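**Student:** These protein sequence lines are chains V and Z, in that order.
Heads up: the first sequence begins at 1 in our numbering, then just goes up one per residue.
Heads up: the second sequence begins at 1 in our numbering, then just goes up one per residue.
Honestly, the hints are just simulated from the structure, not real lab data.
Only a predicted model underlies this, so the values are computations on that prediction, with no experimental measurement involved.
Note that CB positions come from ideal geometry on N, CA and C, so glycine has one too.
Treat the hints with caution; some may be incorrect.
What the hints assert, rightly or not - From the derived model, a few chain V residues whose C-beta atoms are all more than 10 Å from chain Z:
#1 D55
#2 D79
#3 T146
Stated by the list, open to error - Within a straight-line C-alpha distance of at most 20 Å, the following computed EDC-like cross-link-like pairs (lysine to aspartate or glutamate) qualify:
#4 Z:K437 to V:D95
#5 V:K123 to Z:E429
#6 Z:K430 to V:E83
#7 Z:K241 to Z:D173
#8 V:K94 to Z:E474
#9 Z:K403 to V:E52
#10 Z:K309 to Z:E379
#11 V:K68 to Z:E474
#12 Z:K397 to Z:E379
#13 V:K94 to Z:E429
#14 V:K134 to V:E52
#15 Z:K374 to Z:E341
#16 Z:K410 to Z:E429
#17 V:K90 to Z:E421
#18 Z:K131 to Z:E297
#19 Z:K135 to Z:D165
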Amino acid sequence: MVRRYRFYTFLFVLLCANLFFVHRTFPQNNQNSAADTVQNELTFHHAVMCEEVKDLAPINPAVVFSIKIGKVSCFSVFDTVLEKTFIYHKWFHKDIPSTNKKLTVQPPRWATYSSIQLRETDKGPWRVEISDRKGNLLHILRFSITD
Amino acid sequence: MSFFATIRWQDIVDILLNSYILFRLYVLFRETYVFRVLTGLSLLWIFQRIAVFFGLILTSWVLQGITALAALIIIIVFRNELRSVLQAKNLKAILWGFPQKSVPTTIQIITDSVNALSRRHIGALIVLPAKEDLKDMVQGGIPLRGLVSKEMITSIFWGDNPVHDGAAIIEGDRIAEVGVILPLSYRSDLPSQYGTRHRAALGLAEITDALIVVVSQETGNVLVAKDSKIKKIHGNAALIKILQEHMGVYEEENGYQQKERFKISIAAIVSVFFIAGMWLSFSKGLDSLITLEIPAEYTNRDPRFEIVKASVHTVRLDLAGSGTLIKSIQPEKVQVKLDLENAVVGQNIFSITQKDITLPPGIFLRKVVPSVIKVTLDETIQREIPVQIDWVGELPKGLILSKINFDPEKIEVIGGKRILENLSTIYTEKVNLDSMKTSGTMFANLALTPAALKIAPGSKDRIRIGYVIKPRIE
Numbered sequence: 001m002v003r004r005y006r007f008y009t010f011l012f013v014l015l016c017a018n019l020f021f022v023h024r025t026f027p028q029n030n031q032n033s034a035a036d037t038v039q040n041e042l043t044f045h046h047a048v049m050c051e052e053v054k055d056l057a058p059i060n061p062a063v064v065f066s067i068k069i070g071k072v073s074c075f076s077v078f079d080t081v082l083e084k085t086f087i088y089h090k091w092f093h094k095d096i097p098s099t100n101k102k103l104t105v106q107p108p109r110w111a112t113y114s115s116i117q118l119r120e121t122d123k124g125p126w127r128v129e130i131s132d133r134k135g136n137l138l139h140i141l142r143f144s145i146t147d
Numbered sequence: 001m002s003f004f005a006t007i008r009w010q011d012i013v014d015i016l017l018n019s020y021i022l023f024r025l026y027v028l029f030r031e032t033y034v035f036r037v038l039t040g041l042s043l044l045w046i047f048q049r050i051a052v053f054f055g056l057i058l059t060s061w062v063l064q065g066i067t068a069l070a071a072l073i074i075i076i077v078f079r080n081e082l083r084s085v086l087q088a089k090n091l092k093a094i095l096w097g098f099p100q101k102s103v104p105t106t107i108q109i110i111t112d113s114v115n116a117l118s119r120r121h122i123g124a125l126i127v128l129p130a131k132e133d134l135k136d137m138v139q140g141g142i143p144l145r146g147l148v149s150k151e152m153i154t155s156i157f158w159g160d161n162p163v164h165d166g167a168a169i170i171e172g173d174r175i176a177e178v179g180v181i182l183p184l185s186y187r188s189d190l191p192s193q194y195g196t197r198h199r200a201a202l203g204l205a206e207i208t209d210a211l212i213v214v215v216s217q218e219t220g221n222v223l224v225a226k227d228s229k230i231k232k233i234h235g236n237a238a239l240i241k242i243l244q245e246h247m248g249v250y251e252e253e254n255g256y257q258q259k260e261r262f263k264i265s266i267a268a269i270v271s272v273f274f275i276a277g278m279w280l281s282f283s284k285g286l287d288s289l290i291t292l293e294i295p296a297e298y299t300n301r302d303p304r305f306e307i308v309k310a311s312v313h314t315v316r317l318d319l320a321g322s323g324t325l326i327k328s329i330q331p332e333k334v335q336v337k338l339d340l341e342n343a344v345v346g347q348n349i350f351s352i353t354q355k356d357i358t359l360p361p362g363i364f365l366r367k368v369v370p371s372v373i374k375v376t377l378d379e380t381i382q383r384e385i386p387v388q389i390d391w392v393g394e395l396p397k398g399l400i401l402s403k404i405n406f407d408p409e410k411i412e413v414i415g416g417k418r419i420l421e422n423l424s425t426i427y428t429e430k431v432n433l434d435s436m437k438t439s440g441t442m443f444a445n446l447a448l449t450p451a452a453l454k455i456a457p458g459s460k461d462r463i464r465i466g467y468v469i470k471p472r473i474e
């Protein structure tokens with residue numbers, strides 16, 4: 001009988017220690033409950049910059065694009081989408097905001113993309129920040145437009 | 001009155017110091033060849049300035065050349081004189097002392113000569129006239145007009161000299177006549193050992209106010225005859241005293257010292273006036289203007305802060321001064337320094353005042369443009385910032401740069417808080433695509449913008465880039 005109580009006491013202590021350890025190791029998990037809520041709606045899978053998107057597949061994914069192709073796209077994939085939501089593709093040219101595209105994402109798995117038309121003045125370094133509907137940053141893509 | 005108000009204590013010290021240097025140069029080098037040549041050089045310089053004033057181009061050019069050449073020659077030719085003045089004397093003699101002339105006097109020479117003749121038992125008769133003229137009292141005589149010297153007197157009375165039996169008449173510092181025949185005394189009360197020389201000396205002393213020195217050939221005794229009296233002299237000091245009394249040398253020496261003091265006083269006054277004149281011509285003629293662009297410097301900056309922006313980086317100064325000083329001004333000697341001791345984070349406005357500007361002596365500030373500088377300070381922080389490769393150029397046709405990886409992906413940067421908080425990317429220098437045909441690795445430097453940013457110690461400043469090149473799908 002005493003051995004059974006000892007066993008339950010040991011399990012209880014182990015549980016408490018485990019909870020404490022988790023709290024200490026991942027303290028940031030409790031810092032942004034809003035992010036948790038949103039991140040639970042969808043899970044970011046991957047994203048690439050590409051020349052164009054055909055049949056929901058990126059064509060010629062790359063990190064440098066010639067101005068001559070006239071267009072560049074940001075293709076992003078989310079694999080666990082619990083409910084209909086939306087994400088943002090924020091485009092920056094030389095750290096200056098260029099455009100902000102709002103894109104819908106639907107369950108259960110979704111791929112979406114945004115594109116920009118290229119002009120001569122668009123040469124230089126670019127980045128696209130992919131964020132959820134609450135503005136939580138999910139991923140950053142960096143690329144360049146050259147000759 | 002306003003002129004005297006502009007004179008600073010440094011100006012007084014400047015004039016007095018240089019006057020003393022000039023005065024000491026005069027004292028040390030006077031009556032040397034160097035001094036005479038220096039005087040000549042100074043005259044040349046004055047003539048050259050006059051020539052410049054009147055616009056005599058060729059004359060001023062030639063005089064300037066001669067003066068410059070002469071200054072060089074004086075150092076080479078008179079190096080021994082210069083060395084003897086500057087080396088042989090101690091520091092006190094150079095700074096304070098007055099070199100005394102050690103020229104032997106006529107009295108000293110006569111005494112030494114008489115002494116030498118006496119030792120050798122060479123008879124001598126030396127006449128030193130006073131006020132009365134001796135022409136009618138003596139006979140014969142050969143004019144000599146030579147400077148008095150011991151060698152000369154000794155040789156006159158040397159046994160083989162045709163004039164050694166006569167007397168030598170010394171007037172001032174010259175031997176006027178030799179071989180002079182003096183009138184003899186016919187007194188009967190003279191000692192029997194007195195010979196013709198003694199009688200001749202006494203004979204002239206009886207009828208004139210001259211003083212006659214006799215050296216006895218037999219005994220070597222020295223006697224002096226004056227005012228009908230003749231007496232033996234014991235020792236040089238007694239002879240010197242008698243000669244001094246006769247020639248009135250005390251007064252003469254005092255007069256000489258007074259003359260020297262007067263000369264030195266005049267030299268001191270001339271030195272002060274000369275240097276004061278030079279100082280006035282250098283510093284007070286505000287006839288020239290110059291404009292300089294001087295970079296603004298900042299001092300006493302709190303090490304936690306950094307200057308991120310300044311409304312201007314250089315300040316324009318309009319300066320005035322004499323033409324000579326303006327011509328010799330060196331821009332690096334002019335400084336504009338702003339004290340940031342009380343500056344705070346954000347924008348600070350500083351008025352540039354006279355105390356912020358360092359000017360060479362004799363140069364005056366007329367105007368500062370701009371008169372106000374706005375300086376923005378920021379707190380220095382360190383932050384990790386992502387790196388991005390800045391590609392340029394064009395890949396060969398049919399290829400794409402499909403993938404890259406680089407190390408480090410982020411670097412630690414030190415800079416102003418306001419800058420770093422708004423900075424999201426650090427770019428590399430331009431990386432050219434033109435020659436990239438196959439996958440590989442390369443290195444690129446970082447391009448920190450703005451330049452005030454610094455890479456933190458321990459963080460890499462070169463980026464290793466691995467890249468994958470693939471054929472483009474058409």
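**Student:** Would the hint linking K134 (chain V) and E52 (chain V) be met if the CA-CA limit is 20 Å?
**Tutor:** Status violated; Cα separation ~28 Å.
**Student:** What's the verdict on K131 (chain Z) and E297 (chain Z), does the C-alpha distance respect the 20 Å limit or exceed it?
**Tutor:** Distance ~83 Å between K131 (chain Z) and E297 (chain Z) Cα, so the pair is violated.
**Student:** Assess, step by step, whether the Cα of K403 (chain Z) is no farther than 20 Å from the Cα of E52 (chain V), and give holds or violated.
**Tutor:** 17 Å, holds
**Student:** Holds or violated: is the Cβ of D79 (chain V) farther than 10 Å from all Cβ atoms of chain Z?
**Tutor:** 21 Å, holds
**Student:** Starting from K309 (chain Z), check that the Cα of E379 (chain Z) is at most 20 Å away, please.
**Tutor:** The given pair, whose Cα atoms are some 13 Å apart, holds under the 20 Å limit.
**Student:** Is the hinted pair K410 (chain Z) and E429 (chain Z) satisfied, with a Cα-Cα distance of at most 20 Å?
**Tutor:** Given pair K410 (chain Z), E429 (chain Z) holds - Cα atoms ~15 Å apart, limit 20 Å.
**Student:** For the pair supplied as a hint, K68 (chain V) and E474 (chain Z), is the alpha-carbon distance within the 20 Å limit?
**Tutor:** 14 Å, holds
**Student:** Between the alpha carbons of K94 (chain V) and E429 (chain Z), is the straight-line distance 20 Å or under?
**Tutor:** The given pair, whose Cα atoms are some 14 Å apart, holds under the 20 Å limit.
**Student:** Run the distance test for K374 (chain Z) versus E341 (chain Z): straight-line Cα separation, threshold 20 Å.
**Tutor:** 15 Å, holds
**Student:** Minimum Cβ separation between T146 (chain V) and chain Z greater than 10 Å?
**Tutor:** Check fails; 5 Å does not lie beyond 10 Å.
**Student:** Does D55 (chain V) really sit off the interface, with its C-beta more than 10 Å from all C-beta atoms of chain Z?
**Tutor:** It holds; D55 (chain V) is separated from chain Z by about 13 Å at its closest Cβ, greater than 10 Å.
**Student:** Is the hinted pair K94 (chain V) and E474 (chain Z) satisfied, with a Cα-Cα distance of at most 20 Å?
**Tutor:** 29 Å, violated
Checked against the numbered hints listed earlier, the structure breaks hints 3, 4, 6, 8, 12, 14 and 18; every other hint is satisfied.
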